[in-house]
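So you can see what is in the structure, the chains are spelled out below.
Number of protein chains: 2
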Amino acid sequence: MGSLPGVSLLLLVASVSLRSSPGVDAGKILVFPVDGSHWVNMNLLIQSLHARGHEVTVVRTATSWYVKESAPHYRSITVTLPEAISIEEEDFFVTFLAKMLEIQKEGASLLGFVKFYWEMLPSLSMIHQQASLLGVKILENKTLMQSLRDTQFDMVLLDPGLPVGVLVAHELKLPTVFNVRWITSGEGHFVVAPSPTSYVPTSGNAVSDKMNFGQRVKNTLHYFFNTIIDKFLVCPHYDRLVERYFGPDVNFYHLLQGADIWLMRVDFVFEFPRPTMPNIVYIGGFQCKPSEPLSSELEEFVQSSGEHGVILMSLGTLVKGLPVEITSEIAAAFAHLPQKVIWRHVGERPNNLGNNTLLVKWMPQNDLLGHPKVKAFVAHGGTNGIYESIFHGVPIVGMPLLFDQFENCLRLEARGAAKVMDATKLTRQNFLETLQEVIHNPSYRNNMKRLSSLHLDKPMHPLETAIFWIEFVIRHKGAAHLRTESYKMSWYAYYSVDVVCFLIAILLMLTAIVVGSIRFLCIRLCRRKKTKKE
Amino acid sequence: MGSLPGVSLLLLVASVSLRSSPGVDAGKILVFPVDGSHWVNMNLLIQSLHARGHEVTVVRTATSWYVKESAPHYRSITVTLPEAISIEEEDFFVTFLAKMLEIQKEGASLLGFVKFYWEMLPSLSMIHQQASLLGVKILENKTLMQSLRDTQFDMVLLDPGLPVGVLVAHELKLPTVFNVRWITSGEGHFVVAPSPTSYVPTSGNAVSDKMNFGQRVKNTLHYFFNTIIDKFLVCPHYDRLVERYFGPDVNFYHLLQGADIWLMRVDFVFEFPRPTMPNIVYIGGFQCKPSEPLSSELEEFVQSSGEHGVILMSLGTLVKGLPVEITSEIAAAFAHLPQKVIWRHVGERPNNLGNNTLLVKWMPQNDLLGHPKVKAFVAHGGTNGIYESIFHGVPIVGMPLLFDQFENCLRLEARGAAKVMDATKLTRQNFLETLQEVIHNPSYRNNMKRLSSLHLDKPMHPLETAIFWIEFVIRHKGAAHLRTESYKMSWYAYYSVDVVCFLIAILLMLTAIVVGSIRFLCIRLCRRKKTKKE
Chain A
1 MGSLPGVSLL LLVASVSLRS SPGVDAGKIL VFPVDGSHWV NMNLLIQSLH ARGHEVTVVR
61 TATSWYVKES APHYRSITVT LPEAISIEEE DFFVTFLAKM LEIQKEGASL LGFVKFYWEM
121 LPSLSMIHQQ ASLLGVKILE NKTLMQSLRD TQFDMVLLDP GLPVGVLVAH ELKLPTVFNV
181 RWITSGEGHF VVAPSPTSYV PTSGNAVSDK MNFGQRVKNT LHYFFNTIID KFLVCPHYDR
241 LVERYFGPDV NFYHLLQGAD IWLMRVDFVF EFPRPTMPNI VYIGGFQCKP SEPLSSELEE
301 FVQSSGEHGV ILMSLGTLVK GLPVEITSEI AAAFAHLPQK VIWRHVGERP NNLGNNTLLV
361 KWMPQNDLLG HPKVKAFVAH GGTNGIYESI FHGVPIVGMP LLFDQFENCL RLEARGAAKV
421 MDATKLTRQN FLETLQEVIH NPSYRNNMKR LSSLHLDKPM HPLETAIFWI EFVIRHKGAA
481 HLRTESYKMS WYAYYSVDVV CFLIAILLML TAIVVGSIRF LCIRLCRRKK TKKE
Chain B
1 MGSLPGVSLL LLVASVSLRS SPGVDAGKIL VFPVDGSHWV NMNLLIQSLH ARGHEVTVVR
61 TATSWYVKES APHYRSITVT LPEAISIEEE DFFVTFLAKM LEIQKEGASL LGFVKFYWEM
121 LPSLSMIHQQ ASLLGVKILE NKTLMQSLRD TQFDMVLLDP GLPVGVLVAH ELKLPTVFNV
181 RWITSGEGHF VVAPSPTSYV PTSGNAVSDK MNFGQRVKNT LHYFFNTIID KFLVCPHYDR
241 LVERYFGPDV NFYHLLQGAD IWLMRVDFVF EFPRPTMPNI VYIGGFQCKP SEPLSSELEE
301 FVQSSGEHGV ILMSLGTLVK GLPVEITSEI AAAFAHLPQK VIWRHVGERP NNLGNNTLLV
361 KWMPQNDLLG HPKVKAFVAH GGTNGIYESI FHGVPIVGMP LLFDQFENCL RLEARGAAKV
421 MDATKLTRQN FLETLQEVIH NPSYRNNMKR LSSLHLDKPM HPLETAIFWI EFVIRHKGAA
481 HLRTESYKMS WYAYYSVDVV CFLIAILLML TAIVVGSIRF LCIRLCRRKK TKKE
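Chains as they are written, first to last, in the UniProt record's numbering: chain A, 1 to 534; chain B, 1 to 534.
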């Protein structure tokens, strides 16, 4: 019953409101982004803020990979780091991916686990060391700090994946808004909302919200492991800065937890339902928009697929080259299909490529996903691509390679909207079977269409929601009424450990008094009887 | 920085959207309301649903106090109960209030606590017995059930204060939406969201979210007490029905926890920030609207107050008469003020009433609260009045008498927007001082204005939000993707008790093995040495 509000209408409302919303003066916003695919999201938000008349200033490092020094919609502050550990370089990720695939190939084992963290942890520490160095460079630079003060910013907008912005915000006494999914210790919710490990999958653990006993044990261990890594490997980089600049009374973690608004890049058609907080605002899919017409050549290629339709494949911006033994299997499977294939591929060209497959260095992914001829999307499971797929209702063949991609793919598989492949175990045969199943079994498309209709049925477009709450923080100088301060309690008070111990002590004392009294009475009675007998 | 979107604009948006929102066909909604002030809220929601073209059917008892049999905006199903325990009668509450005031007068003590529950618990049980009888009457009536089935309702909307509607919804296999603040065991959140007693005040305990150790102990005890009352006094009435009609596999509490959407009559300018869930939608203040012009006589009276302004007093619809020893003190204090007073008063007229005080049996409360001459509102702390005060930014002198009114008043006092009086300790002197403080100390008004501006600054009017989510449930036949099913887990699994025990056991075993091995080695070494020596 009931017809659904169309996509176009939803977006029409969003675009109209973004232009005409009343009574908002221009604000001054200081932005601390994270480079790479995170920047794609942040940049979109900045563009919208600029269009609304706000002045945006972006802090970047001189070696930044994605964040350009000059752009029409922001001015930038460039910080040169002493020894630029250029972690963001392409080569780094090519090598990293190769190592990770090697480990993954060996299958799930304790040795694999150790090898994985042996590779991962030094890089993680190095990234945070670099970010904290950026903090030092800013906080030590008196001219820069004075100019920041003079600008009289209204708020700091930051991606807390690299949370150095919270230190600067604290120094400038400014309210903060997070554009967040990942934070130092994993998924953002874990820092600010209750997260029972009995049904909330922890970061790095690809399980659903319905776990058996073994999965719950693993999930709990994962939680402890993430906490330990955060506490001993990540936080010390920032703790040192907090100690040096703000003294012993300020706690780095409290600065993180004290953000006014968490714009969470999550939607519950994707994430499993879980506890949340009043200052968490969900903006998952805020980057999505209707597709635009394709170029005439691409449209011609797509139309040439006839009734069979088209398959898209892209493994994201980070992955420059899959090993050739994998790509040749993929190419062989594609060659067997009656569908046409558009494959975004940067590395060596497989020599067994079929006539039906078009290799491109870049593709208009969103416009293609919105094309009615597209039957399936072979994707690595980055969130940008996933939300675009959900938006357009295209089922996914997941091929996760790194980081959160495994968990992301699993979330769609759990809803019956995707089938996930292990890239290291991929053969032309099993890849072909998977493709055919996703194309021909209508449940995948139907489930994705259902997710799409739920995702689109919102009172406001998520981008509009994000802008509303950023401007709310500007108008009211924060959002303290939505933010609990319970994180300032000691852990034993927060978890009522002291109260429970106290109540147990009282109970034991009462029991002791009762038992003691009874014993005392018994002894007295016995003695009396004895005396009588005697 | 930034000017606030005006009230009128917010409401203009709301009313326009409610009329013109696209693509929604008429739904059929079955409503189980709660009588009294709860009905005032539910009725408003029903009126809006009717205006949107939905067909609404309300289930009522023949002796219903507020819910009329016929109304232009709904059709009703009237159920006659065998022995109508007409709990809703006015006399009942007059006697109940007198008893409660008597207990309150004696001050906080264990005896007072026992007396209070001695009075309260039988009434509570009786109310739920009556509600469960209503359930029996409906579920046993085959003609009625068949006609309900034939109508093909789209959903059930209910106030889970008396949760019999969830049983009928389960029988009819319909999705449910709650219009809720109170549920069987207290405040609604406690049933569906994590609620750490370390900083979330439990129902019936008037404390803020920042508690000292003693308050946290009391809060935890309150939580246990509420749980015990719910488990042994309230739920059995419904458990029996569930057992009889749905068999042993269905659990009444799971039916409650499984509601698709919780429209929570709460706003965080009022409630302390606390954990929540994705399917909780906040609609606090959805009943509020801009004021309309007063009648000419009332306007004349208000204007005659000159620069001093007007004070309003109303203790809500439930309270028909305060004891005359209190009202005469109130009248005497009012007579000392230069302000004019409008006092909604039903009982005996105090004979020491000043010339400045107008006694009325009813007043256009919302229109008066929106009048710029109104300086303060003497209120009992019912949520309708509180949200109207917040909406119009009028500071409150709280005089809580029953139920949640104590907690409600405390929430505003904690924000510096109200001062609370103990009605049983009220004298003309302390009442006058309190009034003067709230009128002359600008902080009360400023704080209330601040709450007002935060409350009004929303992307959508809360009434529009409520309608959106009701129609969402109609369109998608529920909202399962927002609802966790973790409540179906056993308590020890939910709280990871089994996992923690298992991990501790493993740890102990490992320790035992290590210690054992070391001991074994030591013994072997010692023996070898001995042998060598020998």
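In short, the hints are calculated from the structure, not lab data.
Check each hint, because a few of them may be wrong.
Since the list gives no way to pick out one identical chain from another, each pair is judged satisfied if it fits inside one copy or across any two copies.
[Unchecked claim] Lysine to aspartate or glutamate pairs mimicking EDC-like chemistry, simulated, CA-CA at most 16 angstroms apart: (1) Lys-210 - Glu-485; (2) Lys-173 - Asp-150; (3) Lys-419 - Glu-348; (4) Lys-210 - Glu-243; (5) Lys-218 - Asp-498; (6) Lys-419 - Glu-433; (7) Lys-173 - Glu-325; (8) Lys-142 - Glu-243; (9) Lys-488 - Asp-25.
Nothing here was measured: the structure is a model prediction, and the numbers come from that model.
Status of the hints after comparison with the structure:
no., hint, verdict
1, Lys-210 - Glu-485, "between (31 angstroms within a copy, 9 angstroms between copies)"
2, Lys-173 - Asp-150, "within (13 angstroms within a copy, 62 angstroms between copies)"
3, Lys-419 - Glu-348, "neither (26 angstroms within a copy, 75 angstroms between copies)"
4, Lys-210 - Glu-243, "neither (42 angstroms within a copy, 27 angstroms between copies)"
5, Lys-218 - Asp-498, "between (29 angstroms within a copy, 13 angstroms between copies)"
6, Lys-419 - Glu-433, "within (11 angstroms within a copy, 71 angstroms between copies)"
7, Lys-173 - Glu-325, "neither (54 angstroms within a copy, 53 angstroms between copies)"
8, Lys-142 - Glu-243, "neither (18 angstroms within a copy, 72 angstroms between copies)"
9, Lys-488 - Asp-25, "neither (34 angstroms within a copy, 49 angstroms between copies)"
Going through the hint list in order, the structure does not satisfy hints 3, 4, 7, 8, 9.
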